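**Student:** If you read the sequences in order, they're chains A and B. Mapping to this note's numbering: the first sequence position 17 is 385, numbers consecutive. Mapping to this note's numbering: the second sequence position 198 is 566, numbers consecutive.
What the hints contain is simulated information worked out from the structure, not anything from laboratory work. Predicted model only: the values in this text are computed from it and were never measured. One should not assume that every hint holds.
The list treats identical chains as interchangeable, and a pair is accepted whether it falls inside one copy or across any two copies.
[Stated by the list, open to error] Under the rule of at most 25 Å between Cα atoms (straight-line distance), these lysine to aspartate or glutamate pairs were calculated in the DMTMM-like manner: (1) K402 to E708; (2) K701 to E374; (3) K701 to D434; (4) K463 to E597; (5) K660 to D542; (6) K402 to D705; (7) K745 to E791; (8) K660 to E398; (9) K402 to E485; (10) K627 to E709; (11) K468 to E793; (12) K402 to E587; (13) K627 to E802; (14) K627 to E398; (15) K402 to E709; (16) K701 to E398; (17) K463 to E374; (18) K545 to E587.
Number of protein chains: 2
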Amino acid sequence: MGISREFGIAVVGCGTVGAATAALLCQQVEAYTKKTGIRMTVRALVDVRFDGARAAGLDENLFQEDLSAVLSNPDIHLIVETVGGLTIARTIIEKALYAKKHVVTANKALLAHHGTELFALARSQGVSIGFEASCAGGIPIVRALVDGLLANDIEAIYGIVNGTSNFILTAMVDEGKTYGEALAMAQAEGLAEADPTLDVNGMDAAHKVTILGSLAFGEQIPLERVPVEGIDSLDLFDVSTGHELGYVLKLVALARSTKTGLELAVQPAFLPQNHPLARVSGPFNAVSVYGKAVGHTMYYGRGAGGSPTASAVVSDVLSIALGTWPALFSTLKLWPDCTEEARLAPTGESRHRHYLRFNLHDEQGAVAAITAALAEKGISLNSFVQKESTNGGPVPVVIITHEATEHDLSQAFEAICALPAVEGEAICLRIIDEHVESI
Amino acid sequence: MGISREFGIAVVGCGTVGAATAALLCQQVEAYTKKTGIRMTVRALVDVRFDGARAAGLDENLFQEDLSAVLSNPDIHLIVETVGGLTIARTIIEKALYAKKHVVTANKALLAHHGTELFALARSQGVSIGFEASCAGGIPIVRALVDGLLANDIEAIYGIVNGTSNFILTAMVDEGKTYGEALAMAQAEGLAEADPTLDVNGMDAAHKVTILGSLAFGEQIPLERVPVEGIDSLDLFDVSTGHELGYVLKLVALARSTKTGLELAVQPAFLPQNHPLARVSGPFNAVSVYGKAVGHTMYYGRGAGGSPTASAVVSDVLSIALGTWPALFSTLKLWPDCTEEARLAPTGESRHRHYLRFNLHDEQGAVAAITAALAEKGISLNSFVQKESTNGGPVPVVIITHEATEHDLSQAFEAICALPAVEGEAICLRIIDEHVESI
Numbered sequence: 369m370g371i372s373r374e375f376g377i378a379v380v381g382c383g384t385v386g387a388a389t390a391a392l393l394c395q396q397v398e399a400y401t402k403k404t405g406i407r408m409t410v411r412a413l414v415d416v417r418f419d420g421a422r423a424a425g426l427d428e429n430l431f432q433e434d435l436s437a438v439l440s441n442p443d444i445h446l447i448v449e450t451v452g453g454l455t456i457a458r459t460i461i462e463k464a465l466y467a468k469k470h471v472v473t474a475n476k477a478l479l480a481h482h483g484t485e486l487f488a489l490a491r492s493q494g495v496s497i498g499f500e501a502s503c504a505g506g507i508p509i510v511r512a513l514v515d516g517l518l519a520n521d522i523e524a525i526y527g528i529v530n531g532t533s534n535f536i537l538t539a540m541v542d543e544g545k546t547y548g549e550a551l552a553m554a555q556a557e558g559l560a561e562a563d564p565t566l567d568v569n570g571m572d573a574a575h576k577v578t579i580l581g582s583l584a585f586g587e588q589i590p591l592e593r594v595p596v597e598g599i600d601s602l603d604l605f606d607v608s609t610g611h612e613l614g615y616v617l618k619l620v621a622l623a624r625s626t627k628t629g630l631e632l633a634v635q636p637a638f639l640p641q642n643h644p645l646a647r648v649s650g651p652f653n654a655v656s657v658y659g660k661a662v663g664h665t666m667y668y669g670r671g672a673g674g675s676p677t678a679s680a681v682v683s684d685v686l687s688i689a690l691g692t693w694p695a696l697f698s699t700l701k702l703w704p705d706c707t708e709e710a711r712l713a714p715t716g717e718s719r720h721r722h723y724l725r726f727n728l729h730d731e732q733g734a735v736a737a738i739t740a741a742l743a744e745k746g747i748s749l750n751s752f753v754q755k756e757s758t759n760g761g762p763v764p765v766v767i768i769t770h771e772a773t774e775h776d777l778s779q780a781f782e783a784i785c786a787l788p789a790v791e792g793e794a795i796c797l798r799i800i801d802e803h804v805e806s807i
Numbered sequence: 369m370g371i372s373r374e375f376g377i378a379v380v381g382c383g384t385v386g387a388a389t390a391a392l393l394c395q396q397v398e399a400y401t402k403k404t405g406i407r408m409t410v411r412a413l414v415d416v417r418f419d420g421a422r423a424a425g426l427d428e429n430l431f432q433e434d435l436s437a438v439l440s441n442p443d444i445h446l447i448v449e450t451v452g453g454l455t456i457a458r459t460i461i462e463k464a465l466y467a468k469k470h471v472v473t474a475n476k477a478l479l480a481h482h483g484t485e486l487f488a489l490a491r492s493q494g495v496s497i498g499f500e501a502s503c504a505g506g507i508p509i510v511r512a513l514v515d516g517l518l519a520n521d522i523e524a525i526y527g528i529v530n531g532t533s534n535f536i537l538t539a540m541v542d543e544g545k546t547y548g549e550a551l552a553m554a555q556a557e558g559l560a561e562a563d564p565t566l567d568v569n570g571m572d573a574a575h576k577v578t579i580l581g582s583l584a585f586g587e588q589i590p591l592e593r594v595p596v597e598g599i600d601s602l603d604l605f606d607v608s609t610g611h612e613l614g615y616v617l618k619l620v621a622l623a624r625s626t627k628t629g630l631e632l633a634v635q636p637a638f639l640p641q642n643h644p645l646a647r648v649s650g651p652f653n654a655v656s657v658y659g660k661a662v663g664h665t666m667y668y669g670r671g672a673g674g675s676p677t678a679s680a681v682v683s684d685v686l687s688i689a690l691g692t693w694p695a696l697f698s699t700l701k702l703w704p705d706c707t708e709e710a711r712l713a714p715t716g717e718s719r720h721r722h723y724l725r726f727n728l729h730d731e732q733g734a735v736a737a738i739t740a741a742l743a744e745k746g747i748s749l750n751s752f753v754q755k756e757s758t759n760g761g762p763v764p765v766v767i768i769t770h771e772a773t774e775h776d777l778s779q780a781f782e783a784i785c786a787l788p789a790v791e792g793e794a795i796c797l798r799i800i801d802e803h804v805e806s807i
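Build the full structure now, drawing on both the sequences and the hints.
**Tutor:** So, in structure tokens, the structure goes:
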């Protein structure tokens, strides 16, 4: 088996993902040469601190602080950016593209905010950007959308794409932990950042649905137009009560085609227990894709962590060395710099079931007033649970509605909240039933 | 958006998959041109009967009986073979390759038997064979193995890859149908062929594990070395009793790396109810792939049917037109004609739990004799169920063992079958617990 050529790589950013990527490339160099005929050579690790790289046992001769030396090295063909964030990472990627290096990145925030400009810059420089690792960790979901399912008009994608949130919700559902306890568990397991804001407020999932949705529908999705709700204000009472009624709470990112445009959302939602995504637990991710020809397909795996993310980063490196990714990148018209802005469905039109919870004083006619407010908007009840009062104070009343538009539901919800018997915080959560295949 | 060029396609074989493929290519021609810049033009439908093609509303001007005219047409770049079987289909593919046409096929039987020769022929002619549709219908699992997970040493694959068997087993588990009733249901639904032999005897799944295993492990897997057991002799009693004990019976195809070589199997096996593959129901397929870097990933979707299969066929057509598939096909060293024969693990070494069922005369000491025979081989019991005798005849006794090698278990099993208290047919089924990730 002959080696056709060498392909030089620099990894910029030696944190968890960067160190795991460099380690995987170095450990597997012979295996990759055997598989591809191309020798993948890590020529530099660029950072200002190398604790992680040292701990991963990486060759100290590769450590470099000088990015410009790397960028001017003609034997380096590709830069892996694993710095993260929106500032330095962007500069690094731009410099790499100007130096006509291919780029591989796991940086979903950067691509969701500035992907269009970065893709256009790469194109103008005749190089490509690989970003499989930016969405759902090790799961090859980007490839599924731009290659494996290319024959399909995509009708909908539904994803559990934030492992931290999913771990927290799984601990709340399965172990009865409060949100705060579950978050502390996630941090103790190394799954949540010291500052977990972007994970738990839904923004990380919004980054991913922006990227995946743009590819799936061949339309630009502006990040700021994705309605985002996180899991950080959830009450264990609702998680548990929903569970008793047969529903599992998940942070769901969705993009689906409707008659009036694309519906986008990131929100905590109840899934019926037999929903295909309901059993995706702990740190795992899954993305359901509904194609017009293929029907329902689903992709499942670890959404984060050094080694699974490195798997996706290195698969991109290999595809770029092989020329297959650059061919897709330069030819297909699915990338955000090649497409128009998506037409979005008007808000409030989405029609689905809802979980409602009110705190009710047990007065004569109170329940009748609630059902009347729903009936007023043509909303009928699927189930109704009223817990016993233990102290004479207000008691929680939980309602599962039949399908209604968000618009109608929110009007009824406001009317109910204004009833004299209803007190304090009221909750409305979406129920996502299994998407119906069109085939 | 300019059209860079035309890509001409002939579909040979106008059955369910062929007609669906041609229909999808024709319906989506503008969408594909927009996505790829290449105009995919169906130039001929070759068959001797065109009822299916007519029913699908395909243009009669495309109908052709003369394959040689198609093969000599320089404007046809690719032949889709959807004839099936081992004889005519092979000739068609060979002729197409000799005419230097790319080939796309869903023919798993042909590739499992003769893939090595056909791949080598394609390579010598400078063209490629696309076969995403041959394994697990519309699920892009071939691409996952040769592209998305390329960074990984694959450790194991476990698949539910025969939709007919899975439909039958789902009907037995969920609805208490006998094997015969469930098969009749599958035939009524159009899921089982008039002759369902290859589906229910496990051979179809063996074809698929031969193809997928060869790619996953980069080693040739000779079809005749896959131990195959079907679902056609299963008794509803065992399916139901296993279900009561918390297990779901599935036809599982597996290939996994062990210290002594590759373990291969196609067999009905019990999965614990929380196993990742246990909820794959009805006509759906799923394949779990365990990679050394990525850990567990799973791919789920419809394993058969005209439209899902056409999705995979057409994705191959697009990848060939784009040049990405030919690049992988000509460069990677994973294809069976580029690899050595796999070293297989010796039979009997596989270690797992078992479900055993005996018909026992309720004699003094009979149970003690069974447990003694198991203890003799160091096999301990996980659970033991003895049903009541209703007529004084033998009663079924069901045992779930702890882990034991197949070798030890089969010796104990034979010893038990030879006991005077044991009468008639005895059953031994594998239990497949969730594979442990190495990350």
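**Student:** Against each hint, give a clear statement of whether it holds in the structure.
**Tutor:** Here's how the hints hold up against the structure:
no., hint, verdict
1, K402 to E708, "between (42 Å within a copy, 13 Å between copies)"
2, K701 to E374, "between (30 Å within a copy, 17 Å between copies)"
3, K701 to D434, "neither (36 Å within a copy, 37 Å between copies)"
4, K463 to E597, "neither (35 Å within a copy, 58 Å between copies)"
5, K660 to D542, "neither (35 Å within a copy, 29 Å between copies)"
6, K402 to D705, "between (36 Å within a copy, 14 Å between copies)"
7, K745 to E791, "within (22 Å within a copy, 67 Å between copies)"
8, K660 to E398, "between (41 Å within a copy, 15 Å between copies)"
9, K402 to E485, "between (37 Å within a copy, 21 Å between copies)"
10, K627 to E709, "within (17 Å within a copy, 53 Å between copies)"
11, K468 to E793, "neither (55 Å within a copy, 70 Å between copies)"
12, K402 to E587, "between (39 Å within a copy, 12 Å between copies)"
13, K627 to E802, "within (19 Å within a copy, 42 Å between copies)"
14, K627 to E398, "between (52 Å within a copy, 20 Å between copies)"
15, K402 to E709, "between (43 Å within a copy, 16 Å between copies)"
16, K701 to E398, "between (35 Å within a copy, 13 Å between copies)"
17, K463 to E374, "within (23 Å within a copy, 37 Å between copies)"
18, K545 to E587, "neither (40 Å within a copy, 47 Å between copies)"
Consistency note: the structure conflicts with the earlier hints numbered 3, 4, 5, 11, 18.
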